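Peer 1: The hints should help you fit chain B onto chain A, whose structure is shown.
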Amino acid sequence: MNKKGFVGVIVLALVGLMLAVGPALGADPVKIGVVGPRTGDAAATGKAFEEGIQLATAWVNAKGGVLGRPLEVVFEDTAGAPDKAASGFERLVTRDKVAMVLGESHSSSALAEIEVANRLKIPFVVVEAWADPITAKNYRYVFRAGPSNSGVVNETIAKWVQASGFKKAYIVAENSDWGLGIAQLTEAALKKAAIPYEQLVTERKSQDHYTELTKIKQFGPDVVLAYVYGTGLHYFVAQAGEVGLTPKAVILDGAGPPSLWPDYWTNVGDYGNLECFVSSMHEKVELTPLAKEFRENYVKAFGKAPTDYKSRSIYDAVLIAADAINRAGSLGAENLVTALEKTDLLTTRGKAKFGMEKGGPEYHQWMPPMLVIQWQDKAQTVLYPPEAATGQLKR
Amino acid sequence: MVKAIDNRWWLAAAVAGFAALPWGLGIYHQHVLIVSLFYVMMTASWNLLAGYTGQVSFGHAAFAGIGAYASGILATKVGLNPWLGVGAGTLAAAVFGFLLGVLCLKMGGIYLSLTTLGFSEILHIIINNEYEITRGTMGLQVPGLIAEYSKLAYFYIFLAGAIITLAVVHRLIHANIGLNFRAVQNDERAAAALGVDVVRVRVLAFTVSSALAGMAGALYGHYLLLITPQIPSLDQQFLVLSMTVIGGLGSFAGPVIGAFGLEILSEYIRAYGEYHVLAFGLVALIVARFAPRGLVGVWKQFMDRRRPAA
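Listed in order, the protein sequences are those of chains A and B. So the first sequence is numbered by my numbering: it starts at 1 and just counts up by one. So the second sequence is numbered by my numbering: it starts at 1 and just counts up by one.
If we strip away everything but chain A, and leave its shape as in the complex, we get:
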């Protein structure tokens, strides 16, 4: 190679780097990062996150911000891919200089991100990634203000299956950390409850479930526990209706949001009726005054009622972060971790308080209550827990 070529490379690299330095300078507001899928199969979650962030930052800044400065949230798209999630997380910390990071709704992405959080020693509050190992690794900088697989299965799904008197169950799990993890826990819970079951693993992005559904139909379950996230669930529900598996069997969407996305009814048609799903939000079940305030502010800001509960999950996480920063009195990671460990804050989903017992997934975990809801003529009916129920299971 001649000298001009090499000199050209160096000049190009230097110019590029000088340009890249620009955005990181002159940060007046306190910045926190959010990771989540803005593109890809679960882009609707990114939209829900954006809505929650907008409301939460407005709420925090209206009350004086954090440390007397405005709060600013920088959103990094992960597209639901672990490699993009890990590099996006690192970019938030190294380029945008955020004090802490919140968010995520894919367990595989979160599992890649917690390694970066641990390496860079930056507090990370996971919001909607449920795999147990996220907190079971007991990393000092990793917290979860949201459901865990074991919490959802043991406290909600298994109990609902038993309470509803289902005789035979089928577990369908996507090949992701969340899907495989929650299926394993469900299997253990069904075994303990002596409920006969079978299970299969499906490709996460599959659009064709006919062969699998034929197999499921042959087993004759009265409940299908579907751990499939994204629009994949819509295909599953629609095709289950086509092959006649439903309404004889009830499908439970074990994640929740896909059943609440705006295109749900367009994609599944009438086959979506009587489908059940888990959620932490229902208009008639407001656990705290803040939940009511969130709903009112949401309607005011977006001109519609909130549906995807993940908008409220990220809202709570931003409030938890702001509260921790104010109590820490600085943006130092160690102070923030100590402050997060002492969190005792009333959020929309109840009082947030992180577990401190090491050795399992309860460490740095706060599990908000979850509901089982059924679509009944396009209206949501809460089935479980009994104290929150607004109606009975229809089949």
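I should point out that these hints are in silico values taken from the structure, not numbers from a laboratory. None of these values were measured; they are calculated from a predicted model. Be aware that a few hints might be false.
[Unchecked claim] The list that follows gives simulated cross-link-like pairs (lysine-lysine, PhoX-like), each with its CA atoms no further than 25 Å apart: (1) A/K342 - A/K358; (2) A/K394 - A/K248; (3) A/K97 - B/K151; (4) A/K121 - B/K151; (5) A/K121 - A/K342; (6) A/K137 - B/K77; (7) A/K159 - A/K342; (8) A/K248 - A/K47; (9) B/K77 - A/K31.
[Said to hold, decoys possible] Now the in silico label distances, taken between C-beta atoms and shown as ranges: (10) B/N81 - A/K284: 58 to 66 Å; (11) B/M303 - A/A301: 31 to 39 Å; (12) B/L91 - A/K342: 50 to 58 Å; (13) B/I110 - A/K167: 52 to 60 Å; (14) A/P133 - B/A279: 31 to 39 Å; (15) A/L346 - B/I164: 53 to 61 Å; (16) A/W265 - B/V102: 52 to 60 Å; (17) B/Y149 - A/D28: 29 to 37 Å; (18) B/V78 - A/V243: 55 to 63 Å; (19) B/G281 - A/G332: 54 to 62 Å; (20) B/S150 - A/T338: 56 to 64 Å; (21) B/I286 - A/A301: 54 to 62 Å.
C-beta: ideal position from N, C-alpha, C; glycine also.
Peer 2: Leaving out everything else, chain B in the frame of chain A:
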């Protein structure tokens, strides 16, 4: 002779200057440099095949994937030292490259492109479905190459990798075999008539190019500490293609300029998600049509015009 020595001094000074660059930079900028060096390895090795022998392969990212997964699986399932894993990954990519080369390089032209495209897709499907071994889209977490994670150390590892790749390419294109590469690219029938073993030349270029991609992929996987099907994806392949074409296909400096230029640019337009690959692809098409020698060609043309006529 004097000019050769002069060039070597320039080269040594440029490398030394570049090696000193990350000192004083933040870790984000060090990361951008490291990823750029990965793309230098990828583009320079793809250029050896496409730019010097005229064989357009769409399986280059797949060979990087073979290197990454071979090294990652050996490190996580067998406990092999990651450095040995990088060697094994490079070897695995070379073996697959050789076998695929023997199988399809007699075909050449569009058939080679189609076969490598098919190979890339098959590999992608295998990685996604054999999740018990590869962890599919969940990503395979792998150990790093060094005990204490340091961007600076990875920068020098990748710099060494890029220098090795560029040295191999430089050595090959300036040796007799390089003339054979050019001969096959220009007119394979004429080359065969002059006694050049066309298939042998192609297989050699394909194997070396695959091995270098395998090394790049293995190093990249151990740098990210996570291997996903994104490494052997077509997105990655088209990014490498765009970088090479925009920089200057068939020139030595072109892929280096393309790799740095587009990687830095992609950091700015990342907010548009996957559309940046589409944008690069469109620019590459325009460059291929109106400036087939890329930025290097445009620069040379500009310099030639400025030179006074003899």
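Peer 1: All hints, please: hold or fail.
Peer 2: Tested hints:
Restraint check: the Cα-Cα separation between A/K342 and A/K358 comes to about 15 Å, which is no more than 25 Å; the hinted pair holds. The hinted pair formed by A/K394 and A/K248 meets the criterion: a straight-line CA distance of about 11 Å does not exceed 25 Å. A C-alpha spacing of about 17 Å is found between A/K97 and B/K151, which places the hinted pair at or below 25 Å, so the restraint holds. Distance hint between A/K121 and B/K151 is fulfilled; the C-alpha atoms sit about 15 Å from each other, no more than 25 Å.
A hinted pair counts as satisfied when its Cα atoms are at most 25 Å apart, and A/K121 with A/K342 qualifies at roughly 18 Å. At roughly 20 Å between alpha-carbon atoms, A/K137 and B/K77 fall within 25 Å of each other, so this suggested pair holds. A C-alpha spacing of about 31 Å is found between A/K159 and A/K342, which places the hinted pair above 25 Å, so the restraint is violated. Among the hinted pairs, A/K248 with A/K47 is inconsistent with the structure: their alpha-carbon atoms are about 34 Å apart, more than 25 Å.
Restraint check for B/K77 and A/K31: not satisfied, since their Cα atoms lie roughly 40 Å apart, outside the 25 Å limit. Taken as a hint, the range 58 to 66 Å holds for the pair B/N81 and A/K284, whose Cβ atoms sit roughly 60 Å apart. In this structure, B/M303 and A/A301 break the distance hint of 31 to 39 Å, their C-beta atoms being roughly 58 Å apart. For the pair B/L91 and A/K342, the beta carbons lie near 53 Å from each other, so the given range of 50 to 58 Å is met.
Between B/I110 and A/K167 the Cβ separation comes to about 59 Å, which falls inside the hinted range of 52 to 60 Å. For A/P133 and B/A279, the Cβ-Cβ distance of about 38 Å falls inside the hinted range of 31 to 39 Å, so the restraint holds. For the pair A/L346 and B/I164, the beta carbons lie near 59 Å from each other, so the given range of 53 to 61 Å is met. Checked against the hint of 52 to 60 Å, the C-beta distance between A/W265 and B/V102 comes to roughly 55 Å, which is consistent with it.
For B/Y149 paired with A/D28, a C-beta distance near 31 Å keeps the hint of 29 to 37 Å intact. The hinted window of 55 to 63 Å between B/V78 and A/V243 is violated, with their beta carbons roughly 43 Å apart. Checking the proposed 54 to 62 Å range against B/G281 and A/G332 shows it is violated: the Cβ atoms sit about 44 Å from each other. For the hinted restraint 56 to 64 Å between B/S150 and A/T338, the CB-CB distance of approximately 27 Å leaves it violated.
Distance hint check for B/I286 and A/A301: the Cβ-Cβ separation is about 43 Å, which falls outside the suggested range of 54 to 62 Å.
Taken one by one, the earlier hints fail for this structure at numbers 7, 8, 9, 11, 18, 19, 20, 21, listed in ascending order.
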